[in-house]
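Chemist: With the hints as a guide, bring both chains together as one complex.
As a plain string of letters, each chain reads:
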Amino acid sequence: MDGWTGRLLRVDLSTGSIAKEDVPKKILEDYIGGSGLGAKIFHDEVSPDVDPLSPENKLLIMTGPLTGTLAPTGGRYMVITKSPLTGIWLETNSGGQWGAELKFAGYDGIIIEGRSEKPVYLEIFDGEVTLKGASSVWGKTLGETTAVLKEAVKDDDAKVLAIGPAGEEGVLTACVVNELGRAAGRGGSGAVMGSKNLKAIVVRGTGSVTVAHPKEFKESVVKSLAMMRENPVTGTALYAYGTPVLVNIINTNGIFPTRNFSTGVFEGAENISGEQMAATILKKKTACFACPIACGRYCSVKAEFEVEGEGPEYESIWAFGAQCGVDNLPAIAKANYLCNEYGIDTISMGNTIGCAMEAYERGLLKDTGGLVLNFGNTEAMLEAVELTGKNEGIGKMLALGSKRLAESVGEPGLSMSVKGLELPAYDPRGVKGQGLGYATSNRGGCHVQAYMISPEILGLPEQLDRLAIEGKPAFVKMLQDFVCMVNALGMCEFTGFALGADEYAALLSHAVGREYTVDQFMEAGERLFNLKRMMNVAMGVSREDDTLPERLLTTPMPEGPVAGHLPETEKMIDEYYQLRGWNPDGVPADEKLSELGLLK
Amino acid sequence: MKHTLLFDHGKCTGCRMCELACSFEHNGEFSPARSRISVLSLGGGVDMPISCLQCEDPACMGVCSSGAISQKDGVVSFDAELCTGCRLCMMACPVGSPSIDPVLKRAVNCDLCEGEPACVEFCPFGAVEYVPATHSALVNKKRIAERLSAIWGE
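Note that the protein sequences, when read in sequence, are chains A and B. The first sequence begins at 1 in the numbering used here and counts up by one. The second sequence begins at 1 in the numbering used here and counts up by one.
The following block holds chain B by itself, in its conformation from the complex (with noise of 0.2 Å):
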């Protein structure tokens, strides 16, 4: 079953524990400039963790011109071999989730660490989770968006 992330900056506090994680599972060294996750502090109080949705429909892919990015069991994928780091993906996605990886020089993108997310593994408070893509998990997006709407709108 499609599962994707799930963040609640109601939870988060700023602590970029998602961050270390996901650069330590991917890369093997603690980098928040490597992470795929990253929590964006908006001043106010506001801290919210931001990565791939995995769109049904991915924008990143439809603009990539080298092929890079493809789509495998509802996961988006992207190929750093085919990858030119032209950063089209990143202003095509709605949430800019693509980076470009400081040493590697390509793009990258969040792969769910195959169904074990690391940054869900050491969230201490709950603020991101993996969940099914489904109508449940829709209606905590829902939620979400009438919050950030609240802090967001004034």
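Extracted from the complex, chain A is given alone in its bound form (with noise of 0.2 Å):
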């Protein structure tokens, strides 16, 4: 087969047993691949009310036809599961090497199931798999577990997922973390690989991938690189200066959201800018497989805070930084080395701090065990990450997010988050579409499923009045059925500055050898857009929860250059799901369903 390998890997850790299975082609010309063919796979075999950490609950590892090619970022694997954080639909995805070389040993993707009764770890050479002990590395962090089992392996390009302590312990911001420093960061989960006491899966693949028109095949490679090569976004500032260069972006448009969504505009953002990372402990510019771009910050930190690692990237900076209060660079790096290490999602990390930081404040978290948060204290929050890492004392609190530490406080209103995950470092007063794309987000609080900071504030592919709503649904739309597609390709959304459908499908029709037109492109973005939705409304999604926290919806921005403003995300909902083919409930109705063949 081109493009896909059209086998899955499937794993029963209760019995122990490892089946291969070949997929058929309609499936998988019909979902695609990636969160696509998983979410078609998560849907037909998990029921809707499924608890997120019991052995019934299932663990999808997907790779795209594009993964292992040549196609620009064609290296990245997706996470599929229901989160133990939201209860709701979780797809979540990574970059690094790992991914590609689960298809160069000959899998589309590993579907996980069942819970072990001993940790174990899942080795896959080619086609040889095994399911080995992995009492050695329990309860170890990510770079000791990388360390012990790529010393088992024997082979140096083997590469290693693993989950940390974190996973381990149940927190239910626990990632998912491939080669140290590459993270499948969102929705947790890492707690549930760790309930089904999954330490790691190490894989080496010396196989190969190919394409059914190599020369269309390569035509196409040559022109999206071109068009990378010459976007200002892909082709200069991600290299420059790595994803942080929005750092004073963002918060000269005052929409940086400080100290618990506070405010939008942060004092300190020039000390944790791309800039000042560029001139203080960057080692080395980073890429992705197969990526052009190399947005990935090689940093090292050699006074206050001893570390060295991958990142911080953009919205590690921001959870601790501005959203804690904290303007030290060097300590914002820590930050992100320990959730690293510990296998944490940085984002509801450092997010879930300031909640707890605003309580604090507030009088109302009170039993810290000693811990003094206050807003700016970098201690207290490197002391928090610790603590979440390892399940303990305050950390127990903090490792079950902002919601329900919100919720154990009595007031339910400071945890920033949709449907129970963080939300990420973008205000929506000043950028209404993206508020939108918060609200409407199949997997809760997040920024990718719809990145309309890219229209709003860069001005790509146009740029939009980021103030106005007249227009905007329709946007939204339009990018989450693209991401779905970029999401089951295998390749980073971040090509998306520079490429448009016709790139993608031109790419995906030379791979596989199928002919996708734009509109056939599109649709099939639309059917996986829907089909997680389906599963949402099962789970319990409804309208009442495609909505922003109430701070939000309620207090009009209180200075800077969109003071005044609030996202008006309730004007937009009723012409979204109308768009959608929705009824006013948020629910799809049959005639699209029908429409996109998802109706039984």
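Treat the hints as calculated values from the structure; they're not laboratory data. Hints are supplied without guarantee of correctness; some may be wrong.
With the C-beta cut set under 7 Å, the calculated list includes, among others, these residues of chain B facing chain A [what the hints assert, rightly or not]: (1) T13; (2) R16; (3) G28; (4) S31; (5) A33.
List of simulated lysine-lysine pairs, DSS-like, C-alpha gap at most 25 Å [to be verified]: (6) B:K2 to A:K284; (7) A:K571 to A:K600; (8) A:K118 to A:K20; (9) A:K150 to A:K132; (10) A:K218 to B:K11; (11) B:K11 to A:K302; (12) B:K105 to B:K72; (13) A:K154 to B:K105; (14) A:K25 to A:K218; (15) A:K154 to A:K132; (16) A:K150 to A:K118; (17) A:K26 to A:K592; (18) A:K283 to A:K302; (19) A:K223 to B:K142; (20) A:K396 to A:K118; (21) B:K142 to A:K283; (22) A:K132 to A:K20; (23) A:K215 to A:K25; (24) A:K396 to A:K25; (25) B:K142 to A:K284; (26) B:K2 to B:K142; (27) B:K11 to A:K283; (28) B:K11 to B:K105; (29) A:K118 to A:K302.
Computed from a predicted structure; not experimentally measured. The beta carbon of each residue, even a glycine, is placed where N, CA and C say it ideally should be.
Modeler: Shown next, in the form of structure tokens:
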């Protein structure tokens, strides 16, 4: 098969059985791969009311048809499961090298089910797949685990994906990390993996990925690479300063959420900017597999906080920076490093600490075990991360995420989350399309399912008035469908700054040997988005969940260039549902489902 | 004029597009295991592309007992028909360039793509260059060696 390998691994941890299954071509063509194919499998195999941390929940790790090819950024994998943090659909993806290595081993993905009695790890060496005891690495951090398992496999090219102590401990914001510094960060997939007693997946692949039309595929790659090179974001800015290039841009626009979203202007932004990073702690620019952008930042801090490794990237800088009132870049790098070692989502961690800091300052959170959780207290922030990673002391409360934390102190409104997933680094009061994107993302408070910052702030592919609501529902819908496809292909969303549906459709068509017109490409994306929504509806999501935290909806931005503004999300919802072909409760109508081939 | 590849670890980001381009050029498929250029990620932020440096007096050719390795117009050439897969060339090469192709089961090595190396074409960062093997290129090598010794010498 071209593009796809057409083969999945199914690992039942309860019985220890390992099976290789072929996927029907029609399923691949309709659901593409990555989180698309993952959605189809999850929908067909898992009950919507499954307890996320029970053996009945499944954890899918999927690549796409372009993973392992020369398609720009074709190296990603997606983790699919029911989130223990939000109780709804979760897809979360990562770059690095691991996804491509799995493809070269011969698999489009892995379906992990059941629960092992004892801690185990999965070792994949091309066709040889074995479950091995993980007692030597259970309880160990990512750094230790990766080193031990790489040594055990005796192949320097093997790639390690693992959870840290946080995932083992059931921290609801625990993530999956590959090659030390790349994470499928959001929604607690690490806790699901931990609940299955699966510590790691080591993979080495010496096979190949073929494409159906080599000459045309190469031409599409060359064209796409040229467009990315000429684009100011993918060709210049992200290479020069990494994603932290956004710190100054977003702060200047007055939407850099500060101190638990109490304002959008952070006085210390300059100190934690991409420019500051480049001038101080940056050691090396790094790229994921097959990526011509290289937004990765390998940093080294020698002074107060000794730390060396990948990151921090923009969202992490914000989470441990402005959100916690901290303007100390080395301390932020340390917090990011601790999250990578313990295996915790940086966005949810920093956001939750910011929430706890507000609760502490307002006297609502008293029992912190002596931790002085004032905004700006870097030592307390770092201690909070450590305790969460170990699930000890106040960390036990932080491990549950901001929604449960805010509820437990009697002030649910303090949680800056949507559907239980902590919001990222853009205040929706000054980017109204992004607000709608947050409200309607299938996995909750997340920016990447519809990155409206691109048109609303960066002017790509066109400049939209960020404070207007006209036309935003249609744009959000288009971006959501489009991102469903990027995450199905196995590429990075950052390519979207430069490439359009034409380029992706051409790459896909020439890889798999079946023509996708742009319309068919976007329709496939719409199918995937609706399939995920159907699962969410079955899991209890309705109109009342498609909203933002009340603070943001009702308190106008207090200062800066967007002072006085509100997100106006509720004014856009009906139009959005209409465009989606959903009923006023946010449920996909039969007519739409039938049109997309989703009606049984 | 004799040309060689020139590698700059300072520019290499570890994206491995050179490996994909190489296997695609030679085998029509994407497979780092079949690539004749490899990016070594050594940790500590060091990524280093390595491939044949086209020695004037190739050690691989000297140890090859089956006559599979020759040199023509300054390019070291491997003959899969004659190769027995004994791996002596891999041991002898100072940079470990030759490798056993996992499909052919015979030693393969960089052939400079008849003067238009695919790895050079697809490296987005200019970390692999195709340069004349003259004095100016040697100066570049010396510069790289100094930077490497600064990192590895610690």
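Chemist: Run every hint past the structure and note whether it holds.
Modeler: Hints, one by one, checked against the model:
For B:T13, the interface hint holds, since its Cβ comes within 7 Å of a Cβ in chain A; the closest pair sits about 4 Å apart. With 7 Å as the threshold, the beta carbon of B:R16 comes within range of chain A, its nearest partner Cβ sitting at about 6 Å, so the hint holds. Annotation: interface hint on B:G28 holds; nearest CB of chain A at approximately 6 Å, less than 7 Å. Contact between B:S31 and chain A, as hinted, is supported at the beta carbon level, the nearest pair being about 3 Å apart and thus within 7 Å.
Here the hint on B:A33 is kept, as its CB sits about 4 Å from the closest CB of chain A, short of 7 Å. With a CA separation close to 33 Å, the supplied pair B:K2 and A:K284 exceeds the 25 Å bound. Our distance criterion of 25 Å between C-alpha atoms is broken by A:K571 and A:K600, whose separation comes to about 33 Å. Of the supplied pair hints, the one linking A:K118 and A:K20 holds, its CA atoms being roughly 23 Å apart against a limit of 25 Å.
Distance check on the hinted pair: A:K150 and A:K132 sit about 13 Å apart at the alpha-carbon level, within 25 Å; holds. At roughly 24 Å between alpha-carbon atoms, A:K218 and B:K11 fall within 25 Å of each other, so this suggested pair holds. Among the hinted pairs, B:K11 with A:K302 is consistent with the structure: their alpha-carbon atoms are about 23 Å apart, no more than 25 Å. Only pairs whose Cα atoms come within 25 Å are accepted, and B:K105 paired with B:K72 is accepted, the gap being roughly 24 Å.
For the suggested pair A:K154 and B:K105, the alpha carbons sit about 21 Å apart, so the restraint of at most 25 Å is met. Between A:K25 and A:K218 the CA atoms are separated by roughly 24 Å; this keeps the pair inside 25 Å, and the hint holds. In summary, the hint linking A:K154 to A:K132 is supported, as the alpha carbons are separated by about 15 Å, within the 25 Å threshold. Proximity of A:K150 to A:K118 is assessed by CA-CA distance (about 21 Å); at most 25 Å being required, the pair is judged to hold.
Between A:K26 and A:K592 the CA atoms are separated by roughly 21 Å; this keeps the pair inside 25 Å, and the hint holds. For a cut-off of 25 Å, the pair hint linking A:K283 to A:K302 stands: about 12 Å separates their Cα positions. For the hint linking A:K223 to B:K142, the alpha-carbon distance of about 36 Å lies beyond 25 Å, and the restraint is violated. Taking the CA atoms of A:K396 and A:K118, the gap is near 24 Å; set against the 25 Å cutoff, the hint holds.
For the given pair, B:K142 sits about 22 Å from A:K283 by alpha-carbon distance, which is consistent with the 25 Å threshold. About 18 Å separates the Cα atoms of A:K132 and A:K20, which keeps this hinted pair within 25 Å; it holds. Restraint check for A:K215 and A:K25: the C-alpha separation of about 23 Å stays at or below 25 Å, so the hint holds. For the proposed pair A:K396 and A:K25, the alpha carbon gap of about 46 Å is over 25 Å, so the pair is violated.
Using a Cα cut-off of 25 Å, the hinted pair B:K142 and A:K284 holds, with the two alpha carbons roughly 21 Å apart. At roughly 19 Å between alpha-carbon atoms, B:K2 and B:K142 fall within 25 Å of each other, so this suggested pair holds. For the hint pairing B:K11 with A:K283, the CA-to-CA distance comes to about 12 Å; that is within 25 Å, so the pair holds. Of the pairs offered as hints, the one joining B:K11 and B:K105 is violated, with about 33 Å between alpha carbons and a cut-off of 25 Å exceeded.
For the hint linking A:K118 to A:K302, the alpha-carbon distance of about 39 Å lies beyond 25 Å, and the restraint is violated.
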